[in-house]
Amino acid sequence: DTGVSQNPRHKITKRGQNVTFRCDPISEHNRLYWYRQTLGQGPEFLTYFQNEAQLEKSRLLSDRFSAERPKGSFSTLEIQRTEQGDSAMYLCASSLTLGLGNQPQHFGDGTRLSIL
Amino acid sequence: QKEVEQDPGPLSVPEGAIVSLNCTYSNSAFQYFMWYRQYSRKGPELLMYTYSSGNKEDGRFTAQVDKSSKYISLFIRDSQPSDSATYLCAMSVGRDDKIIFGKGTRLHILP
Chain A
334 DTGVSQNPRH KITKRGQNVT FRCDPISEHN RLYWYRQTLG QGPEFLTYFQ
384 NEAQLEKSRL LSDRFSAERP KGSFSTLEIQ RTEQGDSAMY LCASSLTLGL
434 GNQPQHFGDG TRLSIL
Chain B
2 QKEVEQDPGP LSVPEGAIVS LNCTYSNSAF QYFMWYRQYS RKGPELLMYT
52 YSSGNKEDGR FTAQVDKSSK YISLFIRDSQ PSDSATYLCA MSVGRDDKII
102 FGKGTRLHIL P
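Here the protein sequences line up with chains A and B, keeping their order. All residue numbers for the first sequence refer to our numbering, where the first residue is 334 and numbers rise by one. All residue numbers for the second sequence refer to our numbering, where the first residue is 2 and numbers rise by one.
Hints listed in this document are in silico derivations from the structure and should not be mistaken for laboratory results. Given the structure is predicted, the values throughout are model-derived calculations rather than measurements. Glycine included, every Cβ here is placed at the ideal spot set by N, Cα and C. Don't take each hint at face value.
Listed below are the simulated PhoX-like cross-link pairs for lysine-lysine, each with C-alpha atoms no more than 25 Å apart in a straight line [stated by the list, open to error]:
no.: 1; chain 1: B; residue 1: K3; chain 2: A; residue 2: K344
no.: 2; chain 1: B; residue 1: K57; chain 2: A; residue 2: K390
no.: 3; chain 1: A; residue 1: K344; chain 2: A; residue 2: K390
Per label pair, the in silico range of CB-to-CB distance [said to hold, decoys possible]:
no.: 4; chain 1: B; residue 1: S29; chain 2: A; residue 2: N351; range: 25 to 33 Å
no.: 5; chain 1: B; residue 1: V94; chain 2: A; residue 2: E385; range: 18 to 26 Å
no.: 6; chain 1: A; residue 1: G418; chain 2: B; residue 2: N23; range: 25 to 33 Å
no.: 7; chain 1: A; residue 1: L449; chain 2: B; residue 2: G55; range: 45 to 53 Å
no.: 8; chain 1: A; residue 1: R348; chain 2: B; residue 2: D79; range: 18 to 26 Å
no.: 9; chain 1: A; residue 1: R414; chain 2: B; residue 2: D79; range: 26 to 34 Å
no.: 10; chain 1: B; residue 1: K3; chain 2: A; residue 2: E389; range: 16 to 24 Å
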């Protein structure tokens, strides 16, 4: 399977705990995006990377959230001191930026976070 | 007012019917328009990707963009039960920019 891979698929944790999710993009895709989707809503942008550089962060990304892409390949999203409102599906997408070609974003199946 | 408005449905149509899904938007800077399909507990799957105004056809799917009215549509011909899913309209300003999504329309195709 050469699509975007996300792990774990489902994470259940108690309020106040830290959690970390991993995203492996499509091979050679240089852009990687994180979105959050709550029930009945469309995905909302959180942040994105070009290679290892984090280029934009949404105001939705509070200081409890941190994302990294240390070698420009996989990425991790960490949430510290989780709160009830963090319960959502966290989606990762990747795309390839090449000259003037149109390269849409392709999504993984997400990590579903449930806060008890 | 949200940047992208989409009726959440649900929309139920009989098998074989033509389905029309629509979105309106407020930001005239949007240049790239997409439709994604999302099955329960899965990620969004890209269906159609268009630039600026006009029509694009791919099999049973046709996407229309009317930038003057800030209105986009997706038509599904000969609808099948397997088309039952949530359809998300989406758009971005630049080619590689963050995507702004609508809420999604839940579609049920009745056998």
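To see whether the hints hold, each was checked on the structure:
Restraint check for B:K3 and A:K344: the C-alpha separation of about 30 Å exceeds 25 Å, so the hint is violated. With a C-alpha separation of about 32 Å, the suggested pairing of B:K57 with A:K390 is violated against the 25 Å cut-off. Taking the CA atoms of A:K344 and A:K390, the gap is about 23 Å. The hint holds against a cut of 25 Å. Against the hinted window of 25 to 33 Å, the Cβ-Cβ separation of B:S29 and A:N351 comes to about 42 Å, which falls outside the hint.
For B:V94 paired with A:E385, a C-beta distance near 24 Å keeps the hint of 18 to 26 Å intact. Taking the beta carbon of each, A:G418 and B:N23 are about 31 Å apart, inside 25 to 33 Å as hinted. Checked against the given bound of 45 to 53 Å, the beta carbons of A:L449 and B:G55, roughly 49 Å apart, stay inside it. The hinted window of 18 to 26 Å between A:R348 and B:D79 is violated, with their beta carbons roughly 48 Å apart.
For the pair A:R414 and B:D79, the beta carbons lie near 51 Å from each other, so the given range of 26 to 34 Å is not met. For the pair B:K3 and A:E389, the supplied restraint of 16 to 24 Å holds, since their beta-carbon distance comes to about 20 Å.
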